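Asker: Take a look at the letters that make up each chain.
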Amino acid sequence: GNSVTQMEGPVTLSEEAFLTINCTYTATGYPSLFWYVQYPGEGLQLLLKATKADDKGSNKGFEATYRKETTSFHLEKGSVQVSDSAVYFCALSVQADKLIFGTGTRLQVFP
Amino acid sequence: KAGVTQTPRYLIKTRGQQVTLSCSPISGHRSVSWYQQTPGQGLQFLFEYFSETQRNKGNFPGRFSGRQFSNSRSEMNVSTLELGDSALYLCASSPRADLAEKLFFGSGTQLSVL
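First to last, the sequence lines map onto chains Y and G. Just so we're aligned, residue 236 is where the first sequence starts under my numbering, counting upward by one. Just so we're aligned, residue 365 is where the second sequence starts under my numbering, counting upward by one.
To be clear, the hints were calculated from the coordinates, so they are not data collected in a lab. Please read all numbers here as calculations on a predicted model, not as lab measurements. Warning: the hint list may mix true and false statements.
[Stated by the list, open to error] Calculated pairs, DSS-like style, for lysine-lysine (alpha carbon to alpha carbon, straight line, at most 27 Å):
id: 1; chain 1: Y; residue 1: Lys303; chain 2: G; residue 2: Lys466
id: 2; chain 1: Y; residue 1: Lys295; chain 2: G; residue 2: Lys466
id: 3; chain 1: Y; residue 1: Lys284; chain 2: Y; residue 2: Lys312
id: 4; chain 1: Y; residue 1: Lys291; chain 2: Y; residue 2: Lys303
id: 5; chain 1: Y; residue 1: Lys312; chain 2: Y; residue 2: Lys287
id: 6; chain 1: Y; residue 1: Lys303; chain 2: Y; residue 2: Lys287
id: 7; chain 1: Y; residue 1: Lys291; chain 2: G; residue 2: Lys466
id: 8; chain 1: Y; residue 1: Lys312; chain 2: Y; residue 2: Lys291
id: 9; chain 1: G; residue 1: Lys377; chain 2: G; residue 2: Lys421
id: 10; chain 1: Y; residue 1: Lys284; chain 2: G; residue 2: Lys421
id: 11; chain 1: Y; residue 1: Lys312; chain 2: Y; residue 2: Lys295
id: 12; chain 1: Y; residue 1: Lys284; chain 2: G; residue 2: Lys466
id: 13; chain 1: Y; residue 1: Lys303; chain 2: Y; residue 2: Lys284
id: 14; chain 1: G; residue 1: Lys421; chain 2: G; residue 2: Lys466
id: 15; chain 1: Y; residue 1: Lys295; chain 2: Y; residue 2: Lys284
id: 16; chain 1: G; residue 1: Lys466; chain 2: Y; residue 2: Lys312
id: 17; chain 1: G; residue 1: Lys466; chain 2: Y; residue 2: Lys287
Chain Y extracted, bound-state conformation (with noise of 0.2 Å):
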C-alpha cells in the first residue's frame, strides 16, 4: 500500500542552523508529496508541493525536491528561524486520491 515515513523528532537546531527533515515514501503509481505545516494551536497549511520526478517545491525559504530513484522527498531550510518551530508533514496523493500523511516531525529552533 501507500505509505510516508519520517525521521524521528524532535529536531532541535539553534537559530540559523541548516535543517533536514528526512521523508520516504512508498506508493503505486505516480504520486504527488507534499509537505504540510502545523503550528501550535492551529490546523495544517501547505508548505510546498511536487508533483512530478525531479520538481523542486518552494515556499519560505524551504525546499524540497521529488526524488523518484530513491523514492524521497526531504525537507530543507539553509537558515531556520525560531519562528519556523512547529511540526513538519510529509504527505503523498496518488490520482488525487485522499492524502496520506507521515507520524510528522517537530521542529524545535532557539535563539
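Following the hints, complete the assembly by docking chain G onto the known chain Y.
Answerer: What follows is chain G alone, placed relative to chain Y:
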C-alpha cells in the same frame, strides 16, 4: 474569505458516550475530509464527503460516521466512545473532490475521553 471552521474547539467526554463534531468549509468548497491526529499515529484519514455523498472512507470502525449537508457543512459522529478515541480531529475542505493539493484545514476539535 473565512477559513474552515470547526466547532467545538475542545470537548471532554466519558467512555460510552457519543459525540458530534461540526465543520463548516470555506465558502464554495464542496468537498470535506476528516482526519484523526494522535501523537503516535500521526494523521489518519477518516472519510471524505462530496456533494452530500461519502466518496472515500478510511480504516476506522463503524462507530465513526459522518454526513454532509446541502450547504456543504459536515458533521462527524463517534458513538460508544473509547479512551483511544482521544485525539485532535481535523476537517479539511477543497473546491472539488479530486484536489488533494487544494486542501485547507481547520484548527481542529480536541476530544478528550475520560
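Asker: Hint by hint, note whether the structure agrees.
Answerer: We went through each hint and held it up to the structure:
1. Y:Lys303 / G:Lys466: holds (23 Å)
2. Y:Lys295 / G:Lys466: holds (18 Å)
3. Y:Lys284 / Y:Lys312: holds (15 Å)
4. Y:Lys291 / Y:Lys303: Distance of about 12 Å is within 27 Å: holds.
5. Y:Lys312 / Y:Lys287: holds (21 Å)
6. Y:Lys303 / Y:Lys287: holds (8 Å)
7. Y:Lys291 / G:Lys466: Distance ~18 Å between Lys291 of chain Y and Lys466 of chain G Cα, so the pair holds.
8. Y:Lys312 / Y:Lys291: Since the Cα atoms of Lys312 of chain Y and Lys291 of chain Y sit roughly 13 Å apart, the hinted pair holds (cutoff 27 Å).
9. G:Lys377 / G:Lys421: Given pair Lys377 of chain G, Lys421 of chain G holds - Cα atoms ~25 Å apart, limit 27 Å.
10. Y:Lys284 / G:Lys421: holds (24 Å)
11. Y:Lys312 / Y:Lys295: holds (9 Å)
12. Y:Lys284 / G:Lys466: Answer holds: Lys284 of chain Y to Lys466 of chain G is near 11 Å, not above 27 Å.
13. Y:Lys303 / Y:Lys284: Within the cut-off at roughly 14 Å; holds.
14. G:Lys421 / G:Lys466: Given that 27 Å is the threshold and the Cα spacing comes to 19 Å, the pair holds.
15. Y:Lys295 / Y:Lys284: Holds, because 13 Å separates the two Cα atoms, which is no more than 27 Å.
16. G:Lys466 / Y:Lys312: Cα-Cα ~23 Å, so holds.
17. G:Lys466 / Y:Lys287: Judged against 27 Å, a Cα distance of about 17 Å means the pair holds.
Taken one by one, the earlier hints all hold for this structure without exception.
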